[in-house]
Amino acid sequence: MLWYLGRRLLQVIPVFLGATLLLYALVFLRPGDPVAGLGGERGLPEAVQQQIRAQFHLDQPFIVQYLYYLKGIFTFDLGSTFTGRPVSDVVVEALPITFQLAIMALVIETVFGIAFGLFAGLRKGKFFDSTVLVFSLLLIALPTFVTGLVLQIVVGVQLDWLPVTAGRDPDFVSLLMPAVVLATTSFAQILRLTRTSVIENATADFVRTARAKGLSGGRVVNRHVLRNSLIPVVTFVGVDLGNLMAGSIVVEGIFNINGVGGTLFNAIQRGESVTIVTLSTVLVLIYIVANLLVDLLYAVLDPRIRYA
Amino acid sequence: MTPRKRLMGLGAFALASSLVLTACGGGGGGEETGEGASTGIVTVGNGEPQNPIIPTMTNETFGSKVTSNVFAGLVYYDAEGVVHNEVAESIESDDNKVWTITLKDGWEFSDGTPVTAQSFVDAWNYGAYGPNAQNLSYFFEPIEGFTDLQLAEDQLDAEGAPKEGEVPASKEMSGLEVVSDTEFTATLAQPESDFPLRLGYSAFYPLPESFFEDPEAFGEAPIGNGPYVLETWEHNSLIELRPNETYAGEREVQNGGVDLVAYTDEDSAYNDLLDGNLDIVTNVPASAFGTFEDELGDRAVNQPAAVIQVINVPEYNEKLSGEAGLLRRQAISMAIDRESITETVFSGSRTPATDFTSPVINGWTEDLEGNEVLDFNPDEAKALWAQAEEIEPWGDEPLFIASNADSDHQSWIDPTCNGIRDTLGIDCEFDAYPTFDEFLDARDNEEIKGLFRGGWQADYPAMSNFLGPIYGTGAGSNDMGYSSEEFDAKLKEANGESDPDAAIELYKEAQTILFQDLPGIPLWYNNATGGWSESVDNVVFGWDSDPILYQVTKSE
Amino acid sequence: MPENRYDKAPRPGQDRYVAAPEEVKVGVVDAVSTDTAPSSMWQEAWREMSHRVLFWVSAAMIVIVIVVAIAPGLFTDQLPRSGCDLANSLLPPSGEHFFGTDKNGCDIYTRTLYGAEASVLVGLLTTTFVVLLGTVVGAIAGYYGGWLDTILSRLTDIFFAVPFVLAAIVILSIVPSRSALAVALVLASFGWTTIARITRGAVLSVKNNEFVTAAKALGMSRGAILWKHVLPNSAAPIIVYSTVALGTFIVAEATLTFLGIGLDPSTVSWGGDLSNGRASIRTNPEIMFYPAAALAFTVLGFILLGDVVRDALDPKARKR
Numbered sequence: 001m002l003w004y005l006g007r008r009l010l011q012v013i014p015v016f017l018g019a020t021l022l023l024y025a026l027v028f029l030r031p032g033d034p035v036a037g038l039g040g041e042r043g044l045p046e047a048v049q050q051q052i053r054a055q056f057h058l059d060q061p062f063i064v065q066y067l068y069y070l071k072g073i074f075t076f077d078l079g080s081t082f083t084g085r086p087v088s089d090v091v092v093e094a095l096p097i098t099f100q101l102a103i104m105a106l107v108i109e110t111v112f113g114i115a116f117g118l119f120a121g122l123r124k125g126k127f128f129d130s131t132v133l134v135f136s137l138l139l140i141a142l143p144t145f146v147t148g149l150v151l152q153i154v155v156g157v158q159l160d161w162l163p164v165t166a167g168r169d170p171d172f173v174s175l176l177m178p179a180v181v182l183a184t185t186s187f188a189q190i191l192r193l194t195r196t197s198v199i200e201n202a203t204a205d206f207v208r209t210a211r212a213k214g215l216s217g218g219r220v221v222n223r224h225v226l227r228n229s230l231i232p233v234v235t236f237v238g239v240d241l242g243n244l245m246a247g248s249i250v251v252e253g254i255f256n257i258n259g260v261g262g263t264l265f266n267a268i269q270r271g272e273s274v275t276i277v278t279l280s281t282v283l284v285l286i287y288i289v290a291n292l293l294v295d296l297l298y299a300v301l302d303p304r305i306r307y308a
Numbered sequence: 001m002t003p004r005k006r007l008m009g010l011g012a013f014a015l016a017s018s019l020v021l022t023a024c025g026g027g028g029g030g031e032e033t034g035e036g037a038s039t040g041i042v043t044v045g046n047g048e049p050q051n052p053i054i055p056t057m058t059n060e061t062f063g064s065k066v067t068s069n070v071f072a073g074l075v076y077y078d079a080e081g082v083v084h085n086e087v088a089e090s091i092e093s094d095d096n097k098v099w100t101i102t103l104k105d106g107w108e109f110s111d112g113t114p115v116t117a118q119s120f121v122d123a124w125n126y127g128a129y130g131p132n133a134q135n136l137s138y139f140f141e142p143i144e145g146f147t148d149l150q151l152a153e154d155q156l157d158a159e160g161a162p163k164e165g166e167v168p169a170s171k172e173m174s175g176l177e178v179v180s181d182t183e184f185t186a187t188l189a190q191p192e193s194d195f196p197l198r199l200g201y202s203a204f205y206p207l208p209e210s211f212f213e214d215p216e217a218f219g220e221a222p223i224g225n226g227p228y229v230l231e232t233w234e235h236n237s238l239i240e241l242r243p244n245e246t247y248a249g250e251r252e253v254q255n256g257g258v259d260l261v262a263y264t265d266e267d268s269a270y271n272d273l274l275d276g277n278l279d280i281v282t283n284v285p286a287s288a289f290g291t292f293e294d295e296l297g298d299r300a301v302n303q304p305a306a307v308i309q310v311i312n313v314p315e316y317n318e319k320l321s322g323e324a325g326l327l328r329r330q331a332i333s334m335a336i337d338r339e340s341i342t343e344t345v346f347s348g349s350r351t352p353a354t355d356f357t358s359p360v361i362n363g364w365t366e367d368l369e370g371n372e373v374l375d376f377n378p379d380e381a382k383a384l385w386a387q388a389e390e391i392e393p394w395g396d397e398p399l400f401i402a403s404n405a406d407s408d409h410q411s412w413i414d415p416t417c418n419g420i421r422d423t424l425g426i427d428c429e430f431d432a433y434p435t436f437d438e439f440l441d442a443r444d445n446e447e448i449k450g451l452f453r454g455g456w457q458a459d460y461p462a463m464s465n466f467l468g469p470i471y472g473t474g475a476g477s478n479d480m481g482y483s484s485e486e487f488d489a490k491l492k493e494a495n496g497e498s499d500p501d502a503a504i505e506l507y508k509e510a511q512t513i514l515f516q517d518l519p520g521i522p523l524w525y526n527n528a529t530g531g532w533s534e535s536v537d538n539v540v541f542g543w544d545s546d547p548i549l550y551q552v553t554k555s556e
Numbered sequence: 001m002p003e004n005r006y007d008k009a010p011r012p013g014q015d016r017y018v019a020a021p022e023e024v025k026v027g028v029v030d031a032v033s034t035d036t037a038p039s040s041m042w043q044e045a046w047r048e049m050s051h052r053v054l055f056w057v058s059a060a061m062i063v064i065v066i067v068v069a070i071a072p073g074l075f076t077d078q079l080p081r082s083g084c085d086l087a088n089s090l091l092p093p094s095g096e097h098f099f100g101t102d103k104n105g106c107d108i109y110t111r112t113l114y115g116a117e118a119s120v121l122v123g124l125l126t127t128t129f130v131v132l133l134g135t136v137v138g139a140i141a142g143y144y145g146g147w148l149d150t151i152l153s154r155l156t157d158i159f160f161a162v163p164f165v166l167a168a169i170v171i172l173s174i175v176p177s178r179s180a181l182a183v184a185l186v187l188a189s190f191g192w193t194t195i196a197r198i199t200r201g202a203v204l205s206v207k208n209n210e211f212v213t214a215a216k217a218l219g220m221s222r223g224a225i226l227w228k229h230v231l232p233n234s235a236a237p238i239i240v241y242s243t244v245a246l247g248t249f250i251v252a253e254a255t256l257t258f259l260g261i262g263l264d265p266s267t268v269s270w271g272g273d274l275s276n277g278r279a280s281i282r283t284n285p286e287i288m289f290y291p292a293a294a295l296a297f298t299v300l301g302f303i304l305l306g307d308v309v310r311d312a313l314d315p316k317a318r319k320r
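Here the protein sequences line up with chains A, B and C, keeping their order.
By our numbering, the letter at position 100 of the first sequence is numbered 100, and the numbering carries on one by one without gaps.
By our numbering, the letter at position 462 of the second sequence is numbered 462, and the numbering carries on one by one without gaps.
By our numbering, the letter at position 292 of the third sequence is numbered 292, and the numbering carries on one by one without gaps.
Same shape as in the complex, but just chain A (with noise of 0.2 Å):
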């Protein structure tokens, strides 16, 4: 075990430099010019747009714009964003807050997606079933800058229930609304994966081997019913944490929240290339870091899964 978590850590490296080299690749694929966007219509004048050039090195072939990246990275310093803010400022700002809107986003949408689907899948046809896939429906159909800007209309200012927005050095309570709007989505697919995989396991043979042997009902569903179906939950759930982190732009930007989203879109629109491929590679740190806690959990959920 221990073998095989030293070897997933250290497979990190390629993965880091492959991730920033094909991160910087699109960054200079990307049309358009940052530096004569930076002055809006009138443009800047061309001293400083040549200075900026030069500061950031876009006037130099891509691989050279790389290694300096890199050298960067080694040198522990990240570079500034165009406005002259260091580059690991920004990040340390934005992350701890997305991250736990992620969090709080993860853990709303697997507990009400598990039990709903739970109990659905149990019920298969019945009346709750039903109600369940319509209210699933609803959720899926609407984009989340419709249900975002609907919730804090009517929940944050005509009800007064919830704050409004988020603000700076949102509290639990402030993000609970970003949260449930982050978490419709991902919601619809966690109920459905745990409903079908209740559905498919709770005829499956060791399952009536436990009915036969004579196993309570509530404990059949518990230990075997459940655990064998949580592989497929689980691991949209470890994918499911870097979407969430990477793609709340809609929601970071309805309830005023300073994140990586939104930091990352601003970026990608300005053409950043240090800010895009910095941000991206810390998310992307988190997703391995994910993914690596599912595979562990694989091994636990199902015996038969074994890792040399």
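Hints may contain errors.
FRET-style restraints, in silico, Cβ to Cβ [claimed, not checked]:
| id | chain 1 | residue 1 | chain 2 | residue 2 | range |
| --- | --- | --- | --- | --- | --- |
| 1 | A | L10 | C | W227 | 30 to 36 Å |
| 2 | C | E210 | A | V107 | 35 to 41 Å |
| 3 | C | L79 | A | A54 | 49 to 55 Å |
| 4 | B | E447 | C | F297 | 39 to 45 Å |
| 5 | B | A502 | C | F289 | 57 to 63 Å |
| 6 | A | D77 | B | Q118 | 44 to 50 Å |
| 7 | B | E447 | A | A54 | 22 to 28 Å |
If you want a taste of the chain B side facing chain A, the calculated C-beta under 7 Å gives, among others [to be verified]:
| id | residue |
| --- | --- |
| 8 | N51 |
| 9 | G130 |
| 10 | S237 |
| 11 | G476 |
If you're looking for bench data, these hints aren't it; they were derived computationally from the structure.
All residues carry an ideal CB built from backbone N, CA and C; glycine is no exception.
Use these hints to put chains B and C onto chain A, whose structure you have.
Same frame as chain A, but now just chains B and C:
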């Protein structure tokens, strides 16, 4: 305030810095605040400044809300855009070329150092010096000796980048001369009658000595001479402005301070206002255009701003130039129902254009010679188009209107195209560029397929600011490639005219030339749309669409 | 894992439950037909499906959507982008405009019908790309394991690092037009990694089953085992994920449009109309109902079909 800079924020849902506010006396001015002293902190919706807080770097509204309150220039603009002396005692010239500027006594920066003629001259020289790469350096171009502070042609390599180790010939503009602590002269390369009008703009603010020791640190914690001092700057979330005890000017602070709260989405700021978490909103979101005046009542403002939206016509487009091209430009302009679009799509938060400037600018008029081409007139449009077809057929391809799509332009391009399609019987499409810089790139490289959107926000309240930088031959924002000797000559004449009223007449004549050539088709003026909560009073939005923050009152 | 902990004697007072013989139906399991040729799992699944009412209902729903997508003109005599008059802005539903009109005065009923083509195309193409790429990568990684798993899984990680907004801007600048295919490529470029992980997980949990070992013992090739036994038994989460994802992809197009990197603005789509409707959310939220409802109908059709297919592929469920 600044050249219609694009907001680098979250494109689609950003507080577009173009949507600025104006409105003369739109606020509840003059009301008594009731009992209790006005010592409350006023919270204002803003965004993260896109540059360090250095006056010559600040080219967008988020930053300029800070600089205009932390610094005091030679003059300041009141709500109507009228110029008043601030640090200046007088600004005089006999020939509009050599300006003598005298300063009032007793001005200090908030660190206790005096504001002298040298503070201005050093700041301007720093801003103009090429290697300092200041965003607003072009504002010093009219001053004699500006070119000596830039690298010469032979100091640049083939790609226009500076060669190793080369520096400009001088660090100081020859046109600036310090006479005494309270007097200096500025000599311009050619006469410019509206020079004093520009001096209230951010680029011309003075800087303390400490700036030159460490500009980088200064940009994070600026020291100014304005009504407020910047107390803290929490990036991307909050800027705290507190009254400056050493301020010596007329802009007397009426509140306990101002908190500029960063938002990336207009809807969230507006919802915070409705919920009482925010005192002043300076941009109403599109979703609330139809409702905000009902929801806020007399706490809403909706009046034209110093911002104009235009669709420009590239001269390199053969079908849209020449004799047939001119007929087509007129036909397209007359096929756009500005009245309906501003009323329906924008719910009255835009005002149909009648000229190339803005209603908040001195000299603006509805009755400009030649502006009937802006009236919706489908019959005339059809007739003009038919005339053009006789000269040269248009063919099957659609008429494209290009714009960046990272903020909401589809909402007006779609109905504009619908009108063109129905009136002229040709296809019309939105040519969407994902990012603003990709759009600019296409403009610079003359790759635009049809017409393209242009928006312009005034830096300072003068007609000249709407004309020269956009339509002058070779001007920085003239991506159409428009060049008219007649227009250039008229502008030059107007710039040299000492009598302001006579100058305005000349600028109007210059606009008539534009109406004949139609290098751009004016659409509408953006309105300043904003609102405030019940807990603040005396909110007035200035000509530049920003609320006049120092006079807002709020009791605790 | 201590697997035998359930064999312990029950605690006093614990309910005992002995399954009734008719529930276990051992006889059914034992009754193997020996006089017909064994049919493949896929064939059996089809036979099974064709007897289900739900199959025909869901198929009908999908056919309706596809007919509308191919020939919207059969159901309306108006066009989505002409005859829009600002004077008719935001009219309520009437005989002339069944669903009313939008802000630009266009007929919502017509736009909803015409929006099907692009939306369904985006949904189907993206799902196809994602399932093909994700399943192949995930199945190979999970089934063969070892260094192949390492390489494919790390490659998935690398691709995950690409933010979809960046991918969208780059891809849209390379392709000649912002068609449904281009948008599908954008969505697929970041969507496939999820399904690759899900497939890998499912294959991992299936490949150690007794029937796989049995097939191995019978001398079946590894590729054949993967195709005939492992994949059908891993299909459930893939089907479930992709039917729901189909809907989220159609909605994702709305978000892309909202961010300025979606379909060409001249294309009518449900996502585009949802995005346009946002400006009316405070005054006329009902105009967003119609594209959303059309979307929900489409997704429901595919989810129900997915359920039937899954049931059919699950031999355990079938023998009940």
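Item to complete: Check each numbered hint from earlier against the structure, then list the numbers of those it violates in ascending order.
Response: 6
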